[in-house]
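Visitor: This is what each chain is made of:
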Amino acid sequence: MSAVGAPALELHDVTVAYGRRPVLWNVDLTVTAPGLFGIIGPNGAGKSTLLKAALGLVPLAGGSVRLFGRPLAAVRERIGYVPQRETVDWDFPVSVMDVVLMGTYARLGWFRRPGVAERETARAALERVGLADLAGRQIGRLSGGQQQRVFLARALAQAADLYFLDEPMAGVDVRSQERIFGVLDDLRRQGRLVIVVHHDLRTAADWFDGVALVDMRLVAAGPTATVLTPENLRRTYAGHLDVLDELGRAVQRGGRTS
Amino acid sequence: MSPAAALPYNTLVVAAAVAAVGFAAGVVGCFGVLRRRALVGDAASHATLAGVVSAFLLTGRRDLPTLLAGAFVAALAGLAALVAIRRFTRTRDDAATAIVLGVSFGLGIALLSGLSARGVAGAGGLEQFLMGHTAALTSADAIALAGVSAAAVLVVWLALKEATLVAFDPAFAAACGWPVPLLDYALVALVAVMVVVGLPAAGAVLVTALVVIPPVAARQWTDRVAPMLLLAGTLGLVAALGGVAASALVPRLPTGPTIVLAAAALFAVSFFFAPERGWLARRRMLRDVARRIAAGTLTPDEDHADG
Numbered sequence: 001m002s003a004v005g006a007p008a009l010e011l012h013d014v015t016v017a018y019g020r021r022p023v024l025w026n027v028d029l030t031v032t033a034p035g036l037f038g039i040i041g042p043n044g045a046g047k048s049t050l051l052k053a054a055l056g057l058v059p060l061a062g063g064s065v066r067l068f069g070r071p072l073a074a075v076r077e078r079i080g081y082v083p084q085r086e087t088v089d090w091d092f093p094v095s096v097m098d099v100v101l102m103g104t105y106a107r108l109g110w111f112r113r114p115g116v117a118e119r120e121t122a123r124a125a126l127e128r129v130g131l132a133d134l135a136g137r138q139i140g141r142l143s144g145g146q147q148q149r150v151f152l153a154r155a156l157a158q159a160a161d162l163y164f165l166d167e168p169m170a171g172v173d174v175r176s177q178e179r180i181f182g183v184l185d186d187l188r189r190q191g192r193l194v195i196v197v198h199h200d201l202r203t204a205a206d207w208f209d210g211v212a213l214v215d216m217r218l219v220a221a222g223p224t225a226t227v228l229t230p231e232n233l234r235r236t237y238a239g240h241l242d243v244l245d246e247l248g249r250a251v252q253r254g255g256r257t258s
Numbered sequence: 001m002s003p004a005a006a007l008p009y010n011t012l013v014v015a016a017a018v019a020a021v022g023f024a025a026g027v028v029g030c031f032g033v034l035r036r037r038a039l040v041g042d043a044a045s046h047a048t049l050a051g052v053v054s055a056f057l058l059t060g061r062r063d064l065p066t067l068l069a070g071a072f073v074a075a076l077a078g079l080a081a082l083v084a085i086r087r088f089t090r091t092r093d094d095a096a097t098a099i100v101l102g103v104s105f106g107l108g109i110a111l112l113s114g115l116s117a118r119g120v121a122g123a124g125g126l127e128q129f130l131m132g133h134t135a136a137l138t139s140a141d142a143i144a145l146a147g148v149s150a151a152a153v154l155v156v157w158l159a160l161k162e163a164t165l166v167a168f169d170p171a172f173a174a175a176c177g178w179p180v181p182l183l184d185y186a187l188v189a190l191v192a193v194m195v196v197v198g199l200p201a202a203g204a205v206l207v208t209a210l211v212v213i214p215p216v217a218a219r220q221w222t223d224r225v226a227p228m229l230l231l232a233g234t235l236g237l238v239a240a241l242g243g244v245a246a247s248a249l250v251p252r253l254p255t256g257p258t259i260v261l262a263a264a265a266l267f268a269v270s271f272f273f274a275p276e277r278g279w280l281a282r283r284r285m286l287r288d289v290a291r292r293i294a295a296g297t298l299t300p301d302e303d304h305a306d307g
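Chains as they are written, first to last, in my numbering: chain A, 1 to 258; chain B, 1 to 307.
Misleading hints may appear alongside valid ones.
[Stated by the list, open to error] Derived lysine to aspartate or glutamate pairs resembling DMTMM-like cross-links, with alpha carbons at most 25 Å apart:
| no. | chain 1 | residue 1 | chain 2 | residue 2 |
| --- | --- | --- | --- | --- |
| 1 | B | K161 | A | D206 |
| 2 | B | K161 | A | E120 |
| 3 | B | K161 | A | E77 |
| 4 | B | K161 | B | D141 |
| 5 | B | K161 | A | E86 |
| 6 | B | K161 | A | D185 |
| 7 | B | K161 | A | E127 |
| 8 | B | K161 | A | E10 |
| 9 | B | K161 | A | D209 |
[To be verified] Coverage of chain A stretches by chain B, computed from C-beta distances (three or more under 8 Å per stretch; other residues unrestricted):
| no. | segment |
| --- | --- |
| 10 | 83–95 |
| 11 | 216–230 |
[Claimed, not checked] Take a look, some chain A residues computed to stay more than 10 Å from chain B by CB distance:
| no. | residue |
| --- | --- |
| 12 | L60 |
| 13 | F111 |
| 14 | P114 |
| 15 | Q138 |
| 16 | Q158 |
Read the hints as simulated data drawn from the structure, not as lab findings. Note that CB positions come from ideal geometry on N, CA and C, so glycine has one too.
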């Protein structure tokens, strides 16, 4: 049971350091469901670390995380995760179906094998991302966009209420991007909260209800329209890259993304 | 009358047991290779020699269970040293492995040479753990080795789902609440068990090949984990039997090198001739693509156009 009305995600004064180098500093962030929420900032700003801190994948040097008003361990089954695509070996000997089934493992528990119900869940997830006909294929024989959709399908198979996605649009063609965005949009409409680490400023305004601008510290957070101002962007990207340059390149890219 | 009937009972039992060890080493080794921890077995195996000699020095006994218990403790100590070096000195994996491997093996050789130089009574035969010598195995010992091997295979089969998940995507596994470090330690401990069990057959220097070569060869033939495990086990079994047969036929030929050479032969076949992943198949595919491009008949693959 979650505390009634508790926000889906609450970071309080979160600080994370790798060795002696702080990567996140005193971040306070509260996001409520439903919604599609972007975490935006320059390279090395700590965006992925913020996700990992929320998921308990990196130790906190300070602060606390609460999900649905409770500690992570109590609500793990309600959390879905899409890691960065480059973090795994795509030559690994598993099929598309094998990977999506991994989303059902936590509910299955120790030593129990996926059965008919789990395969049904996985197949439905593959349908949603448009990969049902590739279920038997080895995962290395997919395009980057298809691989990303496999990861998304695995997260859907987790049947979570709160999703964390780390750069789901990186290295993904436009068709896959639209498909992924469509799925995330459905999740939002079903009342879920979807938190996305994102690097493309141009699409951010179209996609997200709310955003957090991060550059080690939280620069600003809130509804997209009020947060994505030139002044906030300048403060976020100041130490890294001229924000006008960044925006200019985003516009030049047109429909494509890197 | 079959030729096998002409062989003494002990030889047959030992051969069957070594075959079981080879199978289990291949199966367990798959997850070491898939988790990219292939060298961990190497560090553990080189540490076992010091354990064998120390066990003899401390107990004065030279029965196989005592010596292998010493080997197992040493293997775990070597792995603990590996973890500690990585954690507290920020040394990278490969360098930490090289340090543990070199130092622990040096210690083992020094202890062994010290024993023979002083002519310690009963120390003779310990050097067989360097290269492996199955002819010295009793059938009781062999059956025990086969039993442990069977248990190791059973553990892998039980935890197939968990092991595959952690080997493929440890971050996702951790986010789902699986105890990733615990599973990793269990996996490494299992590799250490197989290294120790394989010690009498293959020896401290070469036993690691039994947990690495069959999995790598098996990967060439299949794109799925379960068939890979089965095939790696089979290849390990064949290599182990080949080694035992060769050293039974040629007196004084240690078993370890022949097992490794047999495994290498199987690997070479897999490397060249496997469908799709084999060298020949890849060459043929590249040539085919070049020809179709030249002829203008190559069209983009549909699923790839779909992105």
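Visitor: Quick check: the segment 216–230 of chain A, covered by chain B? Criterion 3+ residues, Cβ under 8 Å.
Guide: violated (count 0)
Visitor: Looking at A:Q158 again, its CB stays over 10 Å from all of chain B?
Guide: 8 Å, violated
Visitor: Beyond 10 Å from every Cβ of chain B: is that where the Cβ of A:Q138 lies?
Guide: Since the minimum Cβ distance to chain B is about 4 Å, A:Q138 lies within 10 Å and the statement is violated.
Visitor: Are B:K161 and A:D185 close enough, with their CA atoms no more than 25 Å apart?
Guide: 32 Å, violated
Visitor: CA of B:K161 to CA of A:E120, is that 25 Å or under?
Guide: With Cα atoms ~18 Å apart, B:K161 and A:E120 stay inside 25 Å; holds.
Visitor: Measure nothing beyond the straight line between the CA atoms of B:K161 and A:D209; if it is 25 Å or shorter, mark the hint as holding.
Guide: 38 Å, violated
Visitor: For the pair supplied as a hint, B:K161 and A:E86, is the alpha-carbon distance within the 25 Å limit?
Guide: 22 Å, holds
Visitor: For the segment 83–95 of chain A, do at least 3 residues have a Cβ located nearer than 8 Å to some Cβ of chain B?
Guide: holds (count 8)
Visitor: Going straight from one Cα to the other, do B:K161 and A:E10 come out at no more than 25 Å?
Guide: 33 Å, violated
Visitor: Mind checking the alpha carbons of B:K161 and A:D206 for me, to see if they're no more than 25 Å apart?
Guide: 40 Å, violated
Visitor: Quickly compare the C-alpha distance for B:K161 and A:E77 to 25 Å and report which way the hint goes.
Guide: 18 Å, holds
Visitor: Are all beta-carbon distances from A:L60 to chain B longer than 10 Å?
Guide: 15 Å, holds
Of the hints listed earlier, those the structure fails to meet are numbers 1, 4, 6, 8, 9, 11, 13, 14, 15 and 16, in rising order.
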